[in-house]
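Chemist: So the protein lines, in turn, are chains A and B.
Under our numbering, think of the first position of the first sequence as 3, with each following residue one higher.
Under our numbering, think of the first position of the second sequence as 3, with each following residue one higher.
Don't take every hint at face value.
[Stated by the list, open to error] Some but not every residue of chain B turned toward chain A, in silico, with C-beta under 10 Å:
| # | residue |
| --- | --- |
| 1 | W15 |
| 2 | L16 |
| 3 | Q25 |
| 4 | I27 |
| 5 | D28 |
| 6 | T328 |
| 7 | V337 |
| 8 | L363 |
| 9 | F364 |
| 10 | M367 |
[Claimed, not checked] To spell it out: a stretch of chain A is covered by chain B in this simulated footprint if at least three of its residues, at any positions, have a beta carbon under 8 Å from a beta carbon of chain B; those stretches are:
| # | stretch |
| --- | --- |
| 11 | 12-25 |
| 12 | 206-218 |
| 13 | 261-275 |
| 14 | 311-319 |
| 15 | 331-338 |
The set of hints was computed from the structure by calculation and includes no laboratory data.
We put the beta carbon where it would ideally sit given N, CA and C, even for glycine.
Number of protein chains: 2
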Amino acid sequence: MIPQNAEDFRTIWLSPDDQTVVQIIDQRLLPHEYRIHDLRAWQDGVVAIADMYVRGAPLIGATAAWSLYLASLHADDPGQEIQIAAEALLQSRPTAVNLRWAVERVLARLQSAGSGDELRTVARSEAENICDEDVEISRGIGNHGLPLIEAIAAKKNGGPVNVLTHCNAGSLATINWGTATAPIYFAHQKGIDVHVWVDETRPRNQGSQLTAWELAANGVPHTLIVDNAGGHLMQHGMVDIVITGTDRTTRCGDVANKIGTYLKALAADDNTVPFYVALPSTTIDWESRDGVAEIPIEERDPAEVTDIYGVSNGVTTHVRTTAPGTPVSNYAFDVTPARLVTGLITERGVCNASEKGLLGLFPEMDSK
Amino acid sequence: MIPQNAEDFRTIWLSPDDQTVVQIIDQRLLPHEYRIHDLRAWQDGVVAIADMYVRGAPLIGATAAWSLYLASLHADDPGQEIQIAAEALLQSRPTAVNLRWAVERVLARLQSAGSGDELRTVARSEAENICDEDVEISRGIGNHGLPLIEAIAAKKNGGPVNVLTHCNAGSLATINWGTATAPIYFAHQKGIDVHVWVDETRPRNQGSQLTAWELAANGVPHTLIVDNAGGHLMQHGMVDIVITGTDRTTRCGDVANKIGTYLKALAADDNTVPFYVALPSTTIDWESRDGVAEIPIEERDPAEVTDIYGVSNGVTTHVRTTAPGTPVSNYAFDVTPARLVTGLITERGVCNASEKGLLGLFPEMDSK
Numbered sequence: 003m004i005p006q007n008a009e010d011f012r013t014i015w016l017s018p019d020d021q022t023v024v025q026i027i028d029q030r031l032l033p034h035e036y037r038i039h040d041l042r043a044w045q046d047g048v049v050a051i052a053d054m055y056v057r058g059a060p061l062i063g064a065t066a067a068w069s070l071y072l073a074s075l076h077a078d079d080p081g082q083e084i085q086i087a088a089e090a091l092l093q094s095r096p097t098a099v100n101l102r103w104a105v106e107r108v109l110a111r112l113q114s115a116g117s118g119d120e121l122r123t124v125a126r127s128e129a130e131n132i133c134d135e136d137v138e139i140s141r142g143i144g145n146h147g148l149p150l151i152e153a154i155a156a157k158k159n160g161g162p163v164n165v166l167t168h169c170n171a172g173s174l175a176t177i178n179w180g181t182a183t184a185p186i187y188f189a190h191q192k193g194i195d196v197h198v199w200v201d202e203t204r205p206r207n208q209g210s211q212l213t214a215w216e217l218a219a220n221g222v223p224h225t226l227i228v229d230n231a232g233g234h235l236m237q238h239g240m241v242d243i244v245i246t247g248t249d250r251t252t253r254c255g256d257v258a259n260k261i262g263t264y265l266k267a268l269a270a271d272d273n274t275v276p277f278y279v280a281l282p283s284t285t286i287d288w289e290s291r292d293g294v295a296e297i298p299i300e301e302r303d304p305a306e307v308t309d310i311y312g313v314s315n316g317v318t319t320h321v322r323t324t325a326p327g328t329p330v331s332n333y334a335f336d337v338t339p340a341r342l343v344t345g346l347i348t349e350r351g352v353c354n355a356s357e358k359g360l361l362g363l364f365p366e367m368d369s370k
Numbered sequence: 003m004i005p006q007n008a009e010d011f012r013t014i015w016l017s018p019d020d021q022t023v024v025q026i027i028d029q030r031l032l033p034h035e036y037r038i039h040d041l042r043a044w045q046d047g048v049v050a051i052a053d054m055y056v057r058g059a060p061l062i063g064a065t066a067a068w069s070l071y072l073a074s075l076h077a078d079d080p081g082q083e084i085q086i087a088a089e090a091l092l093q094s095r096p097t098a099v100n101l102r103w104a105v106e107r108v109l110a111r112l113q114s115a116g117s118g119d120e121l122r123t124v125a126r127s128e129a130e131n132i133c134d135e136d137v138e139i140s141r142g143i144g145n146h147g148l149p150l151i152e153a154i155a156a157k158k159n160g161g162p163v164n165v166l167t168h169c170n171a172g173s174l175a176t177i178n179w180g181t182a183t184a185p186i187y188f189a190h191q192k193g194i195d196v197h198v199w200v201d202e203t204r205p206r207n208q209g210s211q212l213t214a215w216e217l218a219a220n221g222v223p224h225t226l227i228v229d230n231a232g233g234h235l236m237q238h239g240m241v242d243i244v245i246t247g248t249d250r251t252t253r254c255g256d257v258a259n260k261i262g263t264y265l266k267a268l269a270a271d272d273n274t275v276p277f278y279v280a281l282p283s284t285t286i287d288w289e290s291r292d293g294v295a296e297i298p299i300e301e302r303d304p305a306e307v308t309d310i311y312g313v314s315n316g317v318t319t320h321v322r323t324t325a326p327g328t329p330v331s332n333y334a335f336d337v338t339p340a341r342l343v344t345g346l347i348t349e350r351g352v353c354n355a356s357e358k359g360l361l362g363l364f365p366e367m368d369s370k
């Protein structure tokens, strides 16, 4: 079974057969296996986050919230159990902003709840709210980004609108629709001829293994390319617009995203291809201004670079591509300066990648 | 046995035990297996070129020349056999410029040769000449590129000179020393503290599988990175100079090289990191001016993108990373405009990437 990205698709949900079980897609196995994984205790949620069964800031947050619901179910002292679970969840991926936000939000709601039953009801309802709100945020991004694609389609005399994207800022990273993919899905649903160049996204291959998978599941035409190819495509007029996601955006519009995003932004700039970044406003870091100077870039396990997941003779396995002992560096993100970003697509609208642009959409942050 | 890149290292040689056998390294198996492969008949040379046991323009040309020597050895009518071999060799990698050049050069020398014995002697001597001259060309590039690294070392207060390279323009692509790597090897031999960032170079991983291998074999400090990482490193002052090779350079200094080179050149330009291209003058296309408009870019087998060579449980194998049926595009090269190239390192010296710069070193081409 491969889900169609219809209105009711979700990346995390309560089991229809058992309301004490939360279900997720084990994304580590995609695209070679589509396996639904049961979370029966909050500890399962910690493992799912730490071991990357789930990834993407919104989905990590939602998984944490649902894990607190699981913590409320079986303990003699659910209040204490929730506190223990919250501590463990916060440690599971320490750098994920949405994780802390979701945990603190559920804890805050639970403070006014009384008995075990009420705790359970409130925890469940807050996890549901977090998911529903995230879907609405993606919908807002999709609705505001759609006109950008429509405008290109109107200008082109036939032929598809060619969108290039990097990494997976798709349904699989959120609850549904994704961020960078939301305008693409909405355009496709509206019958616009849209085609996506999918960057492989080394080292973890989220493009070839997740974005290509979900676009295929939804019937969106796409072509996989290596991360090296985008510049050549842009030089030859084969890319109409770039849309990526972001992990963190500064107050001035600098964008931290998957390593390699900066290189695509440079190529877009050199070939006057519009370069847009789609984001929920929760990922804006209003305290930070200069992304290159201020945003710390995580270095991850060298094995992500050297060991590659795939299928050999029908069996899923990893191969090591390098000679033993090859020294490896693995920076996970880079920062694209605002000057290279044509615009930011948020749930409230599209704005310039600048403090003025962002404050125009989020005036309540002006005094902060 | 892993060869040290000493003065006498070669990528192709006559067997010391049998002067009718030519030996090469089966580069398809690196870095997981180092296997010497015997060429006993010219047909073996065709296979070695077509199936990429050998790659890199100079080494392809040398393999063709040695294959003509093999053709001269055993036939009743060596002259006819050489003609048949020449035709087949020219078809083995139709786009390789050095291949045609080497075949035509040997054929021209053979025209004045008489008997079978003389044919054999002349063919062997011309193959040897081609190899010896290529080593001298690489040495020239190394000698002229070395001062660029020395100058950076002199300016830095300790710490290594960090060179970034893309693909394999190393010993393995030539007969010895390589092109982009020659200045690096010479700097290392001179005791300069040099460290190389090795781009993985998707899709064929020539960086992780060939460049990293030969740098390790020669004791040159290096670190493997994904192709996405170079921009981030340059933003943070971690790259002092970029040196790449090229497959074809236009009269005006545009550079066609492995896909992704253009992206690194953009990042170098954006961070004022010097970006040099090392080339034997035989790869200059004096007829071509505008690389982006004029140089056709080869599209290669999608399997290069989807199927990855490595080791799993001690056994070499390929894994398919993508879901079956994922559409793939695989452009092999891109063009870096001369405006992004700081200089060209040739066997005659370093010049600006411009017609004026090139004609300054090669005045004999002025009237052409």
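Chemist: Okay, the stretch 311-319 of chain A and chain B, do three or more residues pass the C-beta test at under 8 Å?
Modeler: Holds, because 6 residues of the stretch 311-319 of chain A bring their Cβ atoms closer than 8 Å to Cβ atoms of chain B.
Chemist: Per the CB criterion, is M367 of chain B less than 10 Å away from chain A?
Modeler: At 27 Å from the nearest chain A Cβ, M367 of chain B fails the 10 Å test, so the hint is violated.
Chemist: Report holds or violated for the interface hint on Q25 of chain B, using the least CB-CB distance to chain A and a cut-off of 10 Å.
Modeler: Cβ of Q25 of chain B sits 22 Å from chain A, so the hint is violated.
Chemist: Would you check chain B against the stretch 206-218 of chain A, counting CB to CB pairs closer than 8 Å, and say if three or more residues qualify?
Modeler: Three-residue rule met by the stretch 206-218 of chain A, so holds; n is 6.
Chemist: Tell me if D28 of chain B is really an interface residue toward chain A, meaning its C-beta lies closer than 10 Å to one of theirs.
Modeler: violated, 15 Å
Chemist: Quick one, is the F364 of chain B hint okay against chain A at 10 Å, beta carbons?
Modeler: Since chain A brings no Cβ nearer than about 27 Å to F364 of chain B, farther than 10 Å, the hint is violated.
Chemist: At a Cβ distance under 8 Å, does chain B reach at least three residues of the stretch 331-338 of chain A?
Modeler: holds (count 6)
Chemist: Does T328 of chain B hold up as a contact with chain A if the rule is Cβ-Cβ below 10 Å?
Modeler: holds, 5 Å
Chemist: Does L363 of chain B meet its interface restraint, that is, does its C-beta lie within less than 10 Å of any C-beta in chain A?
Modeler: violated, 28 Å
Chemist: Are V337 of chain B and chain A close enough, Cβ to Cβ, to be under 10 Å, as the hint says?
Modeler: Holds, about 7 Å.
Chemist: Let me know if the C-beta of W15 of chain B comes in closer than 10 Å to any C-beta of chain A, holds or violated.
Modeler: Since chain A brings no Cβ nearer than about 23 Å to W15 of chain B, farther than 10 Å, the hint is violated.
Chemist: Taking a Cβ-Cβ distance under 8 Å as contact, does the stretch 261-275 of chain A have three or more residues in contact with chain B?
Modeler: holds (count 8)
In this structure, the earlier hints numbered 1, 2, 3, 4, 5, 8, 9, 10 and 11 are contradicted, and the remaining ones agree with it.
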